[in-house]
Every structure is written in C-alpha cells, then in structure tokens.
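Asks: As a plain string of letters, each chain reads:
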Amino acid sequence: MAAKDYWGKGGLRRYIATRGLNAVLIERARDGRHGDPLEPLAEALQHGDSLILFPEGTRGGGPLPAPFKSGLYHLAQRFPAVELVPVYLENLHRSLPKGAMLPVPLICTVRFGAALPRRAGEDKEDFLMRAREAVVALA
Amino acid sequence: MSPREKFCWLIGGVVALLALASAIGMLLAARNRGEASRAVIDNLNSRIRAWWVMVAVFAVAFLLGKAATLVLFAFSSFFALREFITLTPTRRGDHVPLSLSFFVLIPVQYLLIGDGWYGVFAIFIPVYAFLLLPAFAALAGDTEQFLERSAKIQWAVMITVYSVSHAPALLLLDIPGYQGQNALLIFYLVLVVQLSDVLQYVCGKLFGKTKIAPVVSPSKTVEGFVGGGLGATLAGGAMWWITPFAWWQALGLSFVIVLMGFLGGLALSAVKRSLGAKDWGSMIEGHGGMLDRIDSIAFAAPIFFHLTRYFFSA
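Chain order of the listed sequences is A and B. Numbering of the first sequence is given in the numbering used here, commencing with residue 392 and proceeding in unit increments. Numbering of the second sequence is given in the numbering used here, commencing with residue 6 and proceeding in unit increments.
In isolation and in its complexed conformation, chain A is listed as follows (with noise of 0.2 angstroms):
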C-alpha cells in the first residue's frame, strides 16, 4: 500500500505506484476521505492478496520507526487469520532520507521476523506497542 496524496498525484507516479509496485493508494488526510479509509486494504485481503505495510505510515529520519498508527491494529482485528510478519528494512534511511533527490547506494538489507502471535483482548496500545518492538528487534 502507499499514500494517496503521493503515488495518487501525476500520471507517471500513480502509473508506477499502481501498475509498477502493484500499490493499493490509500488517503492519509483526514480531511480527503469518505468512509473507511481502509476499505481498500481490507478488499486486498479478502480477495487473499498479501499486503505490504507501512504503519508508521511515513517515512522517518532514524534508524528506527516512528510509533505506529492504529490502522493496523483495525485489520488485525477484521482479519484474525491473516498472518503478520515483521519486517526491518536496514539503512534504508541513510540511502535515500526524505527530501534527497540522489540515492546513496549502500548496501540495505531486509529481514524477516517470525510473525506476531496474536493475543485474545489485547488492548490497541499494547498491541502496537508490540507489533512495533517485533520490528525494532530485527534491527
């Protein structure tokens, strides 16, 4: 998935980002949206697409994420079945930050945890607490 007011904006980048990434473009402006913004994401699901996500939902200046929004904890919660693999993308942030034009082409590396269990009542903050740690331990 990617943010609707970037990949949406402009022929060539929404081109790349839907038929390119295979990207399904969601709205980050609470402002723009109409219904449930996830609508998209949970359609992706139920037609037993696997979907990459971002849920911090930016792109930060660290090494690590910033903390997530709740957006996945409301899949989480539609699709118990669906399984959530954490994943860590290493030193993405020093190849290309935000707002350089230029990648750096250092080596980056990407690493696969062993998915979250799911646990039964487990409250908003603690589950994105968690889901975020699983991904900070891979770092």
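Accuracy of the hints is not assured; some may be wrong.
Facing chain B, a subset of chain A residues (Cβ under 8 angstroms, in silico) [as the list claims (entries may be wrong)]:
#, residue
1, G448
2, T449
3, G452
4, L455
5, R485
6, P488
7, V495
8, L497
9, V526
10, A528
With a Cα cut of at most 20 angstroms, we get these calculated SDA-like pairs of lysine to any residue [said to hold, decoys possible]:
#, chain 1, residue 1, chain 2, residue 2
11, A, K489, B, A272
12, A, K489, B, K283
13, B, K283, B, A272
Pulled from the structure, derived: some chain A residues nowhere near chain B, Cβ distances all over 10 angstroms [what the hints assert, rightly or not]:
#, residue
14, G402
15, R419
16, R421
17, A433
18, L444
19, G462
20, A472
21, V476
22, V478
23, M492
24, L493
25, G504
26, A511
27, F518
28, V527
No lab work stands behind these hints: they were computed from the structure. C-beta atoms are modelled at their ideal positions from N, C-alpha and C, and glycine is treated no differently.
Chain B: place on chain A using the hints.
Replies: Relative to chain A, chain B alone:
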C-alpha cells in the same frame, strides 16, 4: 613475442594454476574426515570457485580493451566504496557529499584516465574533492562530529577510488619500446598482488605460527608473509618478459608490490575492525567483500604506478 601472445601465455598459466588448485581442493575435500578442518576446506574451495569467476571477468575486460578495463575498475571502486560507506557511520548531512562521491567522483576519475589527462587525474580527488566534499557537507548545517565525518568520507574515497584507479592508470604511461602493451602492466600488478595474497594465505595455513598483529588480523603470520611474499616476488621476477623491466628490476618492483599489498591488507583490516566488522561485505563467496579482495591493490597500485612512471616512462 606479440602482446597478444604474451597475454595468452599468462592466461594459460593462470588457468593451469587454478586447475591445479581446484584439483587439490577436491582431493582435500574427498580425503577429509575431521569436522573442524571441513570449514577451512569448504572456504578454500569457495575461494577457488570465486577465483575462476574473477579471472574470467578480468580476462574478458582485458580482451575487450581499454574502455572495458576502465569500466571494470570503475565498478570495483563503486562496490568497494559502497562497502566502506555502508560500514561507516554517516549522518543526514553527509548525503550530498556521498551521492557526489558515487555518481560524480567515480565516473570523472575513470573518464580522466580514458581521456589521458594525467595532470587532472592526479589532483582531482586529493585537491578538488578534498576541498569540495566537506564544503557541501557544511552546507547541510550539521556540525556534529563534522571533522570525523568528513575525514572518513575522504579516506573512503582516497582508498577505494583514487588509489584503486592507479591500476588502470598504468595505461597512461608512455614507456619507450613498450607502446601498446601497457595493459600487460595492469595484469602484472594484479597478478603479483593476488598471488602474494594467495601464497601468504596458503603458507600461513600450512606453516603459520607467529602472528604479526593478532588483534588487527589474526590470519597474518610471519611464516605466511615471508613464504608467500618470497614466492610472489620470485614469480614477479620470473614474469619480467611481459614487462618493460629487466629481470632484476622486475624482482625489485614485485618486492615493492608485495610489501605494499601486505601493508594495505593490514591497514584496511585495522579500519574494518575499528568499524566493528570481520569482512567488508559478502559479494565474493569465500573471500568476503570486494574491498577484502582489492585492499592490497589499493596500496600497491599508486606506488607501482609512480615508480614505473619515474624510472621508465618518457
């Protein structure tokens, strides 16, 4: 003998040597029973396999000519710089100087060789990049550890781009009676350096007892250095017929190459460990990263280049 014939003899010799090494590797693997020695033999065999690939790439670039040779070394610099900067802690403010190092300094440095512009080739990085890289970093406005960050980037560029580029820069030299054969000097340099590394590794594994600098590089031993260095120096002397040198000059120069290569391995091993790593990367199976393979070339190439230029070029 024509340059092409000399090249064929050299490649024939290297292929024979590799075939022998592969046979010995297979024999060792078949006879081995111990659990501990298996790791060493497996690593030896993956090193030999990687050597076949490296020799093939090098030989093809060589046969394709000057442009391909420059592209090969430019990519070697690119991958080595990438490994160096990946392990080096940098900050957001270093982004522009780093991008420039990869996308401007590397192409320009090798284009200057292609263009035959020695005067600028020799000072482009030590003068222009030296002054401009920290200036661009300063524009980003981050003073945290500014001198350390600038120094690290400059060190990385000097080693992986400037120093390494002196191997293909041998093409620039105008040596009386040796016109059109300079590519053989690159081959000579690379062969002596790598032979020295390989023989030091073999002698070290067979006879190594006294460690030279155990903290910096546990695999470097006095026995390995003396045995391997002597072997590579003699081999370099015996290859005088592909160079513009007399046999005793070739012997002397190959000794310098071996010595500088050894010091390069040692110094870069210390840098690597100060950055908290054992290998620079993992792109060459059994060897580690690109920089693990060309650290000795980075130190030997500039000295070999300047000695040859001073004493032999017109």
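Asks: Now tell me if each hint is right for this structure.
Replies: Cross-check of the supplied hints:
Annotation: interface hint on G448 (chain A) violated; nearest CB of chain B at approximately 21 angstroms, more than 8 angstroms. Hint status for T449 (chain A): violated, given a least beta-carbon distance of 16 angstroms to chain B, over 8 angstroms. For G452 (chain A), the shortest C-beta to C-beta distance to chain B is roughly 7 angstroms, which falls under 8 angstroms, so the interface hint holds. This hint is violated: L455 (chain A) has a C-beta 15 angstroms from the nearest C-beta of chain B, more than the 8 angstroms allowed.
For R485 (chain A), the suggested interface contact is upheld, since its CB lies about 7 angstroms from the closest CB of chain B, less than 8 angstroms. Interface restraint check for P488 (chain A): the shortest CB-CB distance to chain B comes to about 5 angstroms, inside 8 angstroms, so the restraint holds. With its C-beta approaching chain B no nearer than about 4 angstroms, V495 (chain A) sits inside the 8 angstroms limit, and its interface hint holds. A least Cβ separation of about 5 angstroms between L497 (chain A) and chain B falls short of the 8 angstroms threshold, and the interface hint therefore holds.
The interface hint given for V526 (chain A) is broken, as the beta carbon of that residue sits about 21 angstroms from the closest beta carbon of chain B, more than 8 angstroms. Annotation: interface hint on A528 (chain A) violated; nearest CB of chain B at approximately 20 angstroms, more than 8 angstroms. For a cut-off of 20 angstroms, the pair hint linking K489 (chain A) to A272 (chain B) is broken: about 35 angstroms separates their Cα positions. Between the alpha carbons of K489 (chain A) and K283 (chain B) the distance comes to roughly 31 angstroms, so the proposed pair goes past 20 angstroms and is violated.
With a C-alpha separation of about 14 angstroms, the suggested pairing of K283 (chain B) with A272 (chain B) holds against the 20 angstroms cut-off. In this structure G402 (chain A) is separated from chain B by more than 10 angstroms, as the shortest Cβ-Cβ distance comes to about 27 angstroms. Look at R419 (chain A): its CB is around 23 angstroms from the nearest CB on chain B, clear of 10 angstroms, so calling it non-interface holds up. The claim that R421 (chain A) lies off the interface holds: its Cβ sits roughly 29 angstroms from the closest Cβ of chain B, which is beyond the 10 angstroms cut-off.
For A433 (chain A), the shortest C-beta to C-beta distance to chain B comes to about 36 angstroms, beyond the 10 angstroms cut-off, and the non-interface label holds. With 10 angstroms as the threshold on Cβ separation, the claim that L444 (chain A) sits away from chain B holds: the shortest Cβ distance comes to roughly 25 angstroms. Under the 10 angstroms C-beta cut-off, the non-interface status given to G462 (chain A) relative to chain B holds; the minimum distance is some 27 angstroms. For A472 (chain A), the requirement that its beta carbon stay farther than 10 angstroms from each beta carbon of chain B is met, with the minimum near 37 angstroms.
With a closest Cβ-Cβ approach of about 24 angstroms to chain B, V476 (chain A) is found to remain outside the 10 angstroms limit, as its non-interface label requires. The Cβ of V478 (chain A) sits about 19 angstroms from the closest Cβ of chain B, beyond the 10 angstroms cut-off, so the non-interface label holds. Remark: the non-interface label on M492 (chain A) conflicts with the geometry, its nearest Cβ contact in chain B lying 8 angstroms away (cut-off 10 angstroms). With 10 angstroms as the threshold on Cβ separation, the claim that L493 (chain A) sits away from chain B is violated: the shortest Cβ distance comes to roughly 4 angstroms.
In this structure G504 (chain A) is separated from chain B by more than 10 angstroms, as the shortest Cβ-Cβ distance comes to about 21 angstroms. The non-interface label for A511 (chain A) is consistent with chain B: the shortest C-beta to C-beta separation is roughly 42 angstroms, beyond 10 angstroms. The claim that F518 (chain A) lies off the interface holds: its Cβ sits roughly 32 angstroms from the closest Cβ of chain B, which is beyond the 10 angstroms cut-off. Non-interface status of V527 (chain A) relative to chain B is upheld: no Cβ of that chain comes within 10 angstroms, the nearest being about 19 angstroms off.
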